[in-house]
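Just so it is clear: in the sequence shown, position 248 is 247 by numbering that gives the first Met the number 0, and no numbers are missing.
Hint data in this document are derived by calculation from the structure and do not stem from the laboratory.
Mixed in with the good hints, there may be bad ones.
[Said to hold, decoys possible] Simulated crosslink set (DSBU-like; lysine-lysine; CA at most 35 Å straight-line):
1) K235 with K10
2) K20 with K10
3) K78 with K59
4) K235 with K62
5) K86 with K166
6) K235 with K86
7) K123 with K62
8) K10 with K166
9) K93 with K235
10) K166 with K123
11) K10 with K86
12) K123 with K78
13) K59 with K20
14) K62 with K166
15) K62 with K78
16) K59 with K86
17) K59 with K123
18) K93 with K123
19) K123 with K235
20) K93 with K20
21) K93 with K59
22) K123 with K86
23) K20 with K123
24) K93 with K78
25) K59 with K235
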Amino acid sequence: MARQKGIIKLKGTIGDISFYKTSDGHLAREKGGVEKERILTDAAFQRTRENGSEFGRAGKGGKLIRNAIRVLLQNAKDKRVTSRLTKDLVAVVKTDPVNERGLRTIQDGDMVLLNGFNFNLNGKLSTTLFAPYVVGYDRVTGDVTVDLDPFSPTLRIAAPGGTTHFKLVMGGAELDFENEIFVFEMADSGILPYTAADTAAINLAGVLTPNSVLPVIEVLGVEFYQEVNGQMYPLKNGAFNALAVVTVDTP
(Lines of atoms letter the chains of each structure in order from A and count residues from 1; the text may use other names and numbers.)
(Lines give C-alpha, C1' and ligand atoms only; values in the text may rest on other atoms or scores of the structure.)
Protein backbone atom coordinates (compact mmCIF):
# COMPACT_ATOMS: atom_id res chain seq x y z
CA MET A 1 0.00 0.00 0.00
CA ALA A 2 1.05 3.61 -0.48
CA ARG A 3 0.29 6.72 1.57
CA GLN A 4 -1.47 9.60 -0.19
CA LYS A 5 0.23 12.98 -0.05
CA GLY A 6 -0.88 16.41 -1.08
CA ILE A 7 -3.78 18.70 -0.27
CA ILE A 8 -6.50 16.72 -2.08
CA LYS A 9 -7.12 13.21 -0.73
CA LEU A 10 -8.92 10.67 -2.94
CA LYS A 11 -11.50 8.03 -2.05
CA GLY A 12 -12.75 5.39 -4.45
CA THR A 13 -11.21 3.66 -7.48
CA ILE A 14 -9.39 5.05 -10.49
CA GLY A 15 -8.32 2.39 -12.96
CA ASP A 16 -6.58 -0.35 -11.00
CA ILE A 17 -5.85 1.85 -7.96
CA SER A 18 -8.14 1.98 -4.91
CA PHE A 19 -7.99 5.03 -2.64
CA TYR A 20 -9.30 4.78 0.94
CA LYS A 21 -9.03 6.25 4.43
CA THR A 22 -7.96 4.36 7.57
CA SER A 23 -6.90 5.31 11.09
CA ASP A 24 -3.36 5.47 9.66
CA GLY A 25 -4.33 8.12 7.13
CA HIS A 26 -5.27 8.20 3.44
CA LEU A 27 -3.85 5.17 1.59
CA ALA A 28 -3.82 3.73 -1.91
CA ARG A 29 -3.29 0.22 -3.26
CA GLU A 30 -3.46 -1.68 -6.51
CA LYS A 31 -6.57 -3.74 -7.16
CA GLY A 32 -6.06 -7.45 -7.49
CA GLY A 33 -6.41 -10.78 -5.77
CA VAL A 34 -8.15 -14.06 -6.41
CA GLU A 35 -11.77 -14.14 -7.54
CA LYS A 36 -14.26 -14.74 -4.74
CA GLU A 37 -15.93 -17.71 -6.46
CA ARG A 38 -12.62 -19.54 -6.68
CA ILE A 39 -11.91 -18.97 -2.97
CA LEU A 40 -15.35 -20.38 -2.12
CA THR A 41 -15.08 -23.53 -4.22
CA ASP A 42 -11.49 -24.39 -5.14
CA ALA A 43 -9.93 -27.16 -3.01
CA ALA A 44 -6.67 -25.24 -3.07
CA PHE A 45 -8.28 -22.60 -0.87
CA GLN A 46 -9.62 -24.99 1.79
CA ARG A 47 -7.27 -23.56 4.42
CA THR A 48 -8.31 -20.04 3.41
CA ARG A 49 -11.99 -20.92 3.89
CA GLU A 50 -11.26 -22.47 7.28
CA ASN A 51 -9.28 -19.44 8.41
CA GLY A 52 -12.01 -17.13 7.16
CA SER A 53 -14.69 -19.05 9.02
CA GLU A 54 -12.79 -18.87 12.31
CA PHE A 55 -11.89 -15.23 11.79
CA GLY A 56 -15.57 -14.46 11.23
CA ARG A 57 -16.48 -16.33 14.40
CA ALA A 58 -13.89 -14.33 16.34
CA GLY A 59 -15.26 -11.09 14.86
CA LYS A 60 -18.80 -11.93 15.97
CA GLY A 61 -17.53 -12.88 19.41
CA GLY A 62 -15.72 -9.57 19.73
CA LYS A 63 -18.88 -7.72 18.76
CA LEU A 64 -20.84 -9.62 21.42
CA ILE A 65 -18.30 -8.68 24.10
CA ARG A 66 -18.27 -5.04 23.03
CA ASN A 67 -22.06 -4.89 23.01
CA ALA A 68 -22.24 -6.55 26.41
CA ILE A 69 -20.00 -3.94 28.09
CA ARG A 70 -21.00 -1.07 25.80
CA VAL A 71 -22.11 1.23 28.63
CA LEU A 72 -18.56 1.08 30.04
CA LEU A 73 -16.70 0.71 26.75
CA GLN A 74 -18.06 3.96 25.34
CA ASN A 75 -16.08 5.77 28.06
CA ALA A 76 -12.80 3.84 27.65
CA LYS A 77 -11.67 2.61 24.26
CA ASP A 78 -9.06 3.31 21.61
CA LYS A 79 -9.47 3.44 17.83
CA ARG A 80 -8.19 -0.10 17.31
CA VAL A 81 -10.02 -1.92 20.07
CA THR A 82 -12.18 -3.85 17.57
CA SER A 83 -9.25 -5.23 15.59
CA ARG A 84 -7.17 -5.90 18.71
CA LEU A 85 -9.98 -7.81 20.39
CA THR A 86 -10.66 -9.82 17.23
CA LYS A 87 -6.98 -10.73 17.00
CA ASP A 88 -6.95 -12.01 20.58
CA LEU A 89 -10.16 -13.96 20.02
CA VAL A 90 -8.67 -15.60 16.91
CA ALA A 91 -5.88 -16.80 19.21
CA VAL A 92 -8.51 -18.15 21.63
CA VAL A 93 -10.31 -19.98 18.80
CA LYS A 94 -7.05 -21.66 17.77
CA THR A 95 -6.73 -23.23 21.24
CA ASP A 96 -10.01 -25.14 20.85
CA PRO A 97 -9.03 -28.83 21.28
CA VAL A 98 -12.51 -30.18 20.53
CA ASN A 99 -13.64 -29.07 17.08
CA GLU A 100 -12.02 -29.51 13.69
CA ARG A 101 -10.13 -26.70 12.02
CA GLY A 102 -12.60 -24.26 10.52
CA LEU A 103 -15.22 -25.20 13.14
CA ARG A 104 -13.33 -24.20 16.28
CA THR A 105 -15.11 -21.81 18.66
CA ILE A 106 -14.34 -19.19 21.27
CA GLN A 107 -16.22 -20.95 24.06
CA ASP A 108 -14.30 -24.19 23.52
CA GLY A 109 -10.96 -22.40 23.44
CA ASP A 110 -8.83 -21.07 26.28
CA MET A 111 -10.71 -17.87 27.06
CA VAL A 112 -8.34 -17.13 29.93
CA LEU A 113 -6.10 -15.66 27.22
CA LEU A 114 -8.40 -12.61 27.35
CA ASN A 115 -7.50 -11.89 30.97
CA GLY A 116 -5.70 -8.55 31.16
CA PHE A 117 -7.02 -7.29 27.81
CA ASN A 118 -7.07 -3.48 27.84
CA PHE A 119 -9.83 -1.78 25.88
CA ASN A 120 -7.92 1.51 25.85
CA LEU A 121 -4.18 1.37 25.21
CA ASN A 122 -3.99 5.09 26.02
CA GLY A 123 -4.97 4.27 29.60
CA LYS A 124 -3.95 0.76 30.66
CA LEU A 125 -5.41 -0.41 33.95
CA SER A 126 -2.06 -1.79 35.15
CA THR A 127 -0.40 1.61 34.79
CA THR A 128 -3.38 3.59 36.08
CA LEU A 129 -4.70 1.82 39.18
CA PHE A 130 -2.12 0.75 41.77
CA ALA A 131 -4.49 0.14 44.67
CA PRO A 132 -4.76 -3.59 45.48
CA TYR A 133 -8.12 -5.10 44.57
CA VAL A 134 -9.76 -8.49 44.90
CA VAL A 135 -12.07 -9.76 42.17
CA GLY A 136 -14.58 -12.53 42.61
CA TYR A 137 -17.16 -14.52 40.70
CA ASP A 138 -19.39 -17.19 42.28
CA ARG A 139 -20.89 -19.36 39.55
CA VAL A 140 -23.45 -20.86 41.95
CA THR A 141 -24.93 -17.57 43.13
CA GLY A 142 -23.98 -15.45 40.12
CA ASP A 143 -22.31 -12.83 42.35
CA VAL A 144 -19.58 -10.81 40.64
CA THR A 145 -17.52 -8.46 42.82
CA VAL A 146 -14.51 -6.19 43.17
CA ASP A 147 -13.30 -5.14 46.63
CA LEU A 148 -10.75 -2.48 47.52
CA ASP A 149 -9.47 -1.49 50.95
CA PRO A 150 -9.21 2.25 51.73
CA PHE A 151 -6.48 3.94 49.68
CA SER A 152 -5.06 7.36 48.86
CA PRO A 153 -6.19 8.33 45.35
CA THR A 154 -3.18 10.55 44.63
CA LEU A 155 -0.79 7.75 45.59
CA ARG A 156 -2.64 4.81 44.09
CA ILE A 157 -4.12 6.25 40.90
CA ALA A 158 -2.02 7.73 38.10
CA ALA A 159 -4.39 10.42 36.86
CA PRO A 160 -3.87 12.70 33.85
CA GLY A 161 -3.32 16.40 34.43
CA GLY A 162 -6.45 18.36 35.24
CA THR A 163 -8.14 15.53 37.13
CA THR A 164 -10.20 16.63 40.12
CA HIS A 165 -12.37 13.52 40.53
CA PHE A 166 -12.47 9.86 39.51
CA LYS A 167 -14.79 6.88 39.49
CA LEU A 168 -14.18 3.14 39.66
CA VAL A 169 -16.44 0.98 37.50
CA MET A 170 -17.01 -2.75 37.34
CA GLY A 171 -18.97 -4.92 34.94
CA GLY A 172 -19.77 -8.61 34.65
CA ALA A 173 -20.89 -10.18 31.37
CA GLU A 174 -22.31 -13.65 30.82
CA LEU A 175 -21.68 -14.49 27.16
CA ASP A 176 -23.64 -16.84 24.92
CA PHE A 177 -21.50 -16.87 21.77
CA GLU A 178 -23.63 -19.47 20.00
CA ASN A 179 -26.88 -17.50 20.25
CA GLU A 180 -25.15 -14.08 20.32
CA ILE A 181 -26.87 -12.91 23.51
CA PHE A 182 -25.55 -11.77 26.88
CA VAL A 183 -26.42 -10.82 30.45
CA PHE A 184 -24.64 -7.80 31.90
CA GLU A 185 -24.48 -6.19 35.34
CA MET A 186 -22.41 -3.22 36.47
CA ALA A 187 -21.63 -1.15 39.53
CA ASP A 188 -19.56 1.94 40.27
CA SER A 189 -18.10 3.80 43.22
CA GLY A 190 -19.77 7.08 42.41
CA ILE A 191 -17.62 10.10 41.57
CA LEU A 192 -14.95 10.59 44.25
CA PRO A 193 -12.54 13.50 44.89
CA TYR A 194 -9.06 12.74 43.63
CA THR A 195 -7.14 14.91 46.10
CA ALA A 196 -9.07 13.91 49.22
CA ALA A 197 -7.74 11.72 52.01
CA ASP A 198 -8.07 7.95 51.89
CA THR A 199 -11.25 6.57 50.38
CA ALA A 200 -13.57 4.36 52.33
CA ALA A 201 -13.50 0.65 51.56
CA ILE A 202 -15.08 0.13 48.12
CA ASN A 203 -17.26 -2.83 47.18
CA LEU A 204 -18.55 -3.12 43.63
CA ALA A 205 -21.06 -5.91 43.15
CA GLY A 206 -23.58 -7.30 40.68
CA VAL A 207 -25.51 -10.53 40.15
CA LEU A 208 -25.53 -12.63 36.99
CA THR A 209 -27.51 -15.81 36.31
CA PRO A 210 -27.11 -18.35 39.16
CA ASN A 211 -25.60 -21.68 38.07
CA SER A 212 -24.82 -20.34 34.60
CA VAL A 213 -23.25 -22.74 32.10
CA LEU A 214 -21.81 -19.90 29.99
CA PRO A 215 -18.43 -18.10 29.99
CA VAL A 216 -18.25 -14.99 32.16
CA ILE A 217 -15.85 -12.06 32.00
CA GLU A 218 -15.42 -9.29 34.54
CA VAL A 219 -13.99 -5.88 33.71
CA LEU A 220 -12.67 -3.12 35.96
CA GLY A 221 -12.05 0.47 35.00
CA VAL A 222 -11.20 4.01 36.14
CA GLU A 223 -12.86 7.12 34.75
CA PHE A 224 -11.52 10.65 35.22
CA TYR A 225 -13.43 13.92 35.66
CA GLN A 226 -12.78 17.63 36.02
CA GLU A 227 -15.05 19.80 38.14
CA VAL A 228 -15.86 23.21 36.67
CA ASN A 229 -18.27 25.51 38.50
CA GLY A 230 -19.81 22.62 40.37
CA GLN A 231 -20.32 20.49 37.25
CA MET A 232 -18.46 17.25 36.48
CA TYR A 233 -17.05 16.84 32.99
CA PRO A 234 -15.34 13.71 31.60
CA LEU A 235 -11.67 14.65 31.39
CA LYS A 236 -10.53 15.00 27.77
CA ASN A 237 -13.61 13.04 26.67
CA GLY A 238 -12.35 9.96 28.47
CA ALA A 239 -9.20 9.65 26.36
CA PHE A 240 -7.22 8.27 29.31
CA ASN A 241 -9.91 6.23 31.04
CA ALA A 242 -8.85 2.65 31.77
CA LEU A 243 -10.90 -0.52 31.31
CA ALA A 244 -9.58 -4.07 31.30
CA VAL A 245 -10.64 -7.69 31.70
CA VAL A 246 -9.77 -8.81 35.25
CA THR A 247 -11.57 -12.16 35.42
CA VAL A 248 -12.40 -14.87 32.91
CA ASP A 249 -14.43 -17.83 34.18
CA THR A 250 -15.54 -20.77 32.06
CA PRO A 251 -17.76 -23.67 33.14
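**Study point:** Hints violated by the structure (numbers, ascending)
**Key:** 8 and 9
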